[in-house]
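Protein chains in written order, with the working numbering: chain A, 313 to 630; chain B, 1406 to 2140.
Hints are computed from structural coordinates only; laboratory data are not their basis. Some hints could be false.
Said to hold, decoys possible - Taking lysine-lysine and the DSBU-like style, the derived pairs with C-alpha atoms no more than 35 angstroms apart in a straight line are:
| # | chain 1 | residue 1 | chain 2 | residue 2 |
| --- | --- | --- | --- | --- |
| 1 | A | K351 | B | K1493 |
| 2 | A | K592 | B | K1435 |
| 3 | A | K351 | B | K2136 |
| 4 | B | K2133 | A | K592 |
| 5 | A | K592 | B | K1493 |
| 6 | B | K1533 | A | K329 |
| 7 | A | K592 | B | K1830 |
| 8 | A | K314 | B | K1580 |
Said to hold, decoys possible - Partial list, derived from the structure: chain B residues whose beta carbon lies under 8 angstroms from chain A:
| # | residue |
| --- | --- |
| 9 | A1462 |
| 10 | D1836 |
| 11 | M2049 |
| 12 | V2073 |
| 13 | D2076 |
| 14 | D2132 |
| 15 | L2135 |
For glycine and all other residues, C-beta sits at the position ideal for the given N, C-alpha and C.
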Amino acid sequence: MKSFTYSRATSVADAAKTAASTQGARFIAGGTNLLDLMKLQIETPTHLIDVNHLGLDRIEPTPEGGLRIGALVRNTDLAADKVVRRDYGVLSRALLAGASGQLRNKATTAGNLLQRARCPYFYDTNMPCNKRKPGSGCGAIGGISRSLAILGVSDACIAQHPSDMAVAMRLLDAQVDTVGADGVARAIPIVDFHMLPGDTPHVETALKSGEIITSVTLPKPIGGTHVYRKVRDRASYAFALVSVAAVFGKDGGSRFALGGIGAKPWRTPAADAAASSGAKAVAEAALNGARTTHHNDFKKTLVERTLASLYRHKEARS
Amino acid sequence: MKFDTPAITNPIDKGRVIGVAHDRIDGPAKVTGSAPYAYERHDAAPNAAYGWIVGSAIAKGTIAAMDLRAAEAAPGVLGIVTHANAGKLGKGNYNTAPLLGGPAIKHYDQALALVIANTFENARAAAKLVRIDYAPQDGKFDLAAEQDNAVKPPDGGFSGAADSAVGDFDGAFAKAAVRIDQRYTTPDHSHAMLEPHATTAAWNGEKLTLWTANQMIAWSVGEVAKTLGIPKANVRLVSPYIGGGFGAKLFLRADALLAALGAKQIGRPVKVAIARSQIPNNTTHRPATIQRIRIGADKNGVIDAIGHEVWSGDLPGGGTETAAMQTRLLYGGAHRMTAHRLATLDLPEGNAMRAPGEAVGLLALEVAMDELAEACGVDPVELRIRNDVQYDPEAGAQRPYSSRKLVECLRAGADRFGWSKRNAKPGKVRDGRWLVGMGVASAFRNNLVGKSGARIGVDATGKVIVETDMTDIGTGSYTIIGQTAAEMLGVSLDDIIVRLGDSRFPASAGSGGQWGANSSTAGVYAAAMALRAKLAEKAGYPIDQAQFDDGLVKMGNQSQTLAALAGSEGLWAQDSIEFGDLDKRYVQATFGAHFCEVGVDIDTAEVRIRRMGGAFAAGRILNPKSARSQVIGAMTMGAGSALMEALEVDTRFGLFINHDMAEYAVPVHADIPEQDVLFIDELDDKSSPMKAKGVGELGICGAGAAVANAIYNATGLRLRDYPLTIDKLLKAQMS
Chain A
313 MKSFTYSRAT SVADAAKTAA STQGARFIAG GTNLLDLMKL QIETPTHLID VNHLGLDRIE
373 PTPEGGLRIG ALVRNTDLAA DKVVRRDYGV LSRALLAGAS GQLRNKATTA GNLLQRARCP
433 YFYDTNMPCN KRKPGSGCGA IGGISRSLAI LGVSDACIAQ HPSDMAVAMR LLDAQVDTVG
493 ADGVARAIPI VDFHMLPGDT PHVETALKSG EIITSVTLPK PIGGTHVYRK VRDRASYAFA
553 LVSVAAVFGK DGGSRFALGG IGAKPWRTPA ADAAASSGAK AVAEAALNGA RTTHHNDFKK
613 TLVERTLASL YRHKEARS
Chain B
1406 MKFDTPAITN PIDKGRVIGV AHDRIDGPAK VTGSAPYAYE RHDAAPNAAY GWIVGSAIAK
1466 GTIAAMDLRA AEAAPGVLGI VTHANAGKLG KGNYNTAPLL GGPAIKHYDQ ALALVIANTF
1526 ENARAAAKLV RIDYAPQDGK FDLAAEQDNA VKPPDGGFSG AADSAVGDFD GAFAKAAVRI
1586 DQRYTTPDHS HAMLEPHATT AAWNGEKLTL WTANQMIAWS VGEVAKTLGI PKANVRLVSP
1646 YIGGGFGAKL FLRADALLAA LGAKQIGRPV KVAIARSQIP NNTTHRPATI QRIRIGADKN
1706 GVIDAIGHEV WSGDLPGGGT ETAAMQTRLL YGGAHRMTAH RLATLDLPEG NAMRAPGEAV
1766 GLLALEVAMD ELAEACGVDP VELRIRNDVQ YDPEAGAQRP YSSRKLVECL RAGADRFGWS
1826 KRNAKPGKVR DGRWLVGMGV ASAFRNNLVG KSGARIGVDA TGKVIVETDM TDIGTGSYTI
1886 IGQTAAEMLG VSLDDIIVRL GDSRFPASAG SGGQWGANSS TAGVYAAAMA LRAKLAEKAG
1946 YPIDQAQFDD GLVKMGNQSQ TLAALAGSEG LWAQDSIEFG DLDKRYVQAT FGAHFCEVGV
2006 DIDTAEVRIR RMGGAFAAGR ILNPKSARSQ VIGAMTMGAG SALMEALEVD TRFGLFINHD
2066 MAEYAVPVHA DIPEQDVLFI DELDDKSSPM KAKGVGELGI CGAGAAVANA IYNATGLRLR
2126 DYPLTIDKLL KAQMS
């Protein structure tokens, strides 16, 4: 870990301004990802701005009938919130499928959206990785890629987005509320929040320099049966090989978002539109454009099978 | 004490303390954090500086140039050890590659420098500033690609002979009514023990003390002395508490050597832990195998020909994974062959991991037996019973087993598990979204014994003190050694003080190969017999009339307390157990039967273990509570090897790429719902005066095969390449 300075932000505007004006500054919230990366010198901030004391830890209804989730709400608290459990069950279930109890106690809503890739080549600083060191190449392409992405990938990067929570947020059409260095607030639809790697896999979100997430807002509840199904190599404490967030509506209208297979949480209008045609049609639509390696081509089958399981077995939905 | 004739009735047979379930006597110290581990010896070396290892970024080649200037100038840096300033170093007998590399580089993450600083963080940060220019060379990293280049390794060491042959295997196999001929593969495994390799080192003049995490104190004293070129008398190892080993800590590793070199360089104690992400590539691992098994049997499943060939790889000068060894012994058959072949690979060095040989050999053999059972239409439990043999099938009836209760284990285990409810037809049992299946496998692990010493004394208060360099790697050594002493001297376990893991104590067998419990308690038995003689003599009682009970030495109506006999000086005795040729005249081994029930998701192919159960015969069970812990821990490790554990080789860069605990998956609690362990009564009088055998590794042997066989029974999918992950199941299903 390189030496760094530390300050506590006194307000959101102060945090954003300090971040924009300090070279190498990073926000720190739960620290469950950033601190690990700093120890490995994958992240080398010169200054940490602690945003834990800004009062961004409330969950409150919006005038539109939705829910505003403070950026600093811990994953454990969000998953246990009564309104979330009643109206946004898929979010609660996705959260509880992620990490471990100890990590969820620390990890925050905004931090979860910002967590970085879990590709082993990203983690080994001796290996090439365009995300960690732009221009160095991608070790995973042609390497060990069983866990990596098949959608939204590029010649520069095939890392998958590791979050469970973000998949549910994507399904629910959340918006990410921010304040910029200039003090101006904006709302970013979650579909636009995470960037595809393209030629610049190190650019992971739409956030501008200094811009800070203040909350995540969910639109009003959509009803239906909420499901999050995560398929992984062990029963707990592992990243998804494939995950499916779904809401099955009473009127036959359903929606789907996929985790573990995309460079970002993956949802397509075509997949939602195919809902009434069954799992195979949904999978085909969702997987359009998939690019696989001989290690991870099974994920296409697994997406279809996981969807089929959700369609077939009612008990698997809860 | 020489042990060269079978044991007769002795004080251990009382079974007052031995054989009774006891909590660990070291438990309170561990759960209160007062048991000092190697990296936490603030008591012994309060001013220790911190070392951080710089590992090689390439797999093979040489250091072209090394620039230390930036690191040396970094905050808090006190020194840097490299090959250029470490002086001439020897290489230990048990190391394949030098622990400090350079200029030649033998494997990825081989230590090339130790950066020492005043804080851990400064050492780690400065280590990143060490600049190394490499001249890489091409290496060989792909076992399958090197299979045809593998050679017959030299006989000897732990491996015994590389090959064996009895009768006419080829002829008998060709003529057999039923033939199984299959290829199996197992990947490289990482020990993944909780505590990393760690050492605190301090010099006092020419004398070196290493507070270290090491399973084998006496071996490693010799290895340190040889590597540093100093007399053994100048080396002290202290290793009272060890956070797991599984074979990872059998040997001297880079933490201990570099801590010693660093402490010498800066004239101050230095401590070094190998970082979690460095462990898979810097240290040892269980090597991958390719295995071919051929079994020829009659229509009833009685084996006539059995052959097992194994290919593994290692660095030049390294050893084989002896995965065919159990096939020489486990089942009958007149015509037999085994062969081990060794390829040269430039991956990190392979070495022992829990039940080396058997753990992965049985992943193949016990699936092959399942395949034979199905081919013959014989129940897999019955098939194993039909092929039981009460003597070494290679040597013949003149070399019987000292005791062999495989059949009893199979029968009792099957009853207890409810094996009769299994549907022999695969893919027929459904429970909601799950396909359900049951599998069985035999457990087999040799019983190894080794010379082991101890000293034992009584102090003026009547407390009994035992000292031996035996280690407790989480296994429960403290407790069984205490139980042995308590039994022998007729005192309660509360009156025993056990001190372990210090090279100043008599040399023991150490912890490895499941030889530790039986050998080390037998050493304590020997010392205690000597102390009993001294106490009786002091009491004036003939030894054959003296009784040791309730803290007293008694004869008839007379008695004297141990405290009084010990006097203010205390009374001590020391001895070793030395084993004769009973393990040559008799095969000594431990047996068991594993049963497993799995569910396989009908759509996603997720495998979830629903139940594991087993029956085991391992001689006298010294402490049923800690023995059970050993077995269920090993069963868990077996489940890991079946379902998830694999070091992934990147054959382009020559490393294990998934080198942390996020990417190298071991089972978590949610993977292991219920485990049942039954010990079958057994006393082995040829094994030691304790009549015990090893049990620490038996539980992993066959456990993974029972899982694999259960998956087959659930799905009809026969997978032979471990681990049996979702991707492989889906592909098998579609093909």
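Hint-by-hint comparison with the structure:
no. : hint             : verdict
1   : A:K351 / B:K1493 : holds, 33 angstroms
2   : A:K592 / B:K1435 : violated, 54 angstroms
3   : A:K351 / B:K2136 : violated, 39 angstroms
4   : B:K2133 / A:K592 : holds, 21 angstroms
5   : A:K592 / B:K1493 : violated, 67 angstroms
6   : B:K1533 / A:K329 : holds, 31 angstroms
7   : A:K592 / B:K1830 : holds, 30 angstroms
8   : A:K314 / B:K1580 : violated, 70 angstroms
9   : A1462            : holds, 4 angstroms
10  : D1836            : violated, 11 angstroms
11  : M2049            : holds, 5 angstroms
12  : V2073            : holds, 5 angstroms
13  : D2076            : holds, 5 angstroms
14  : D2132            : holds, 4 angstroms
15  : L2135            : holds, 5 angstroms
Of the numbered hints listed earlier, those contradicted by the structure are 2, 3, 5, 8 and 10.
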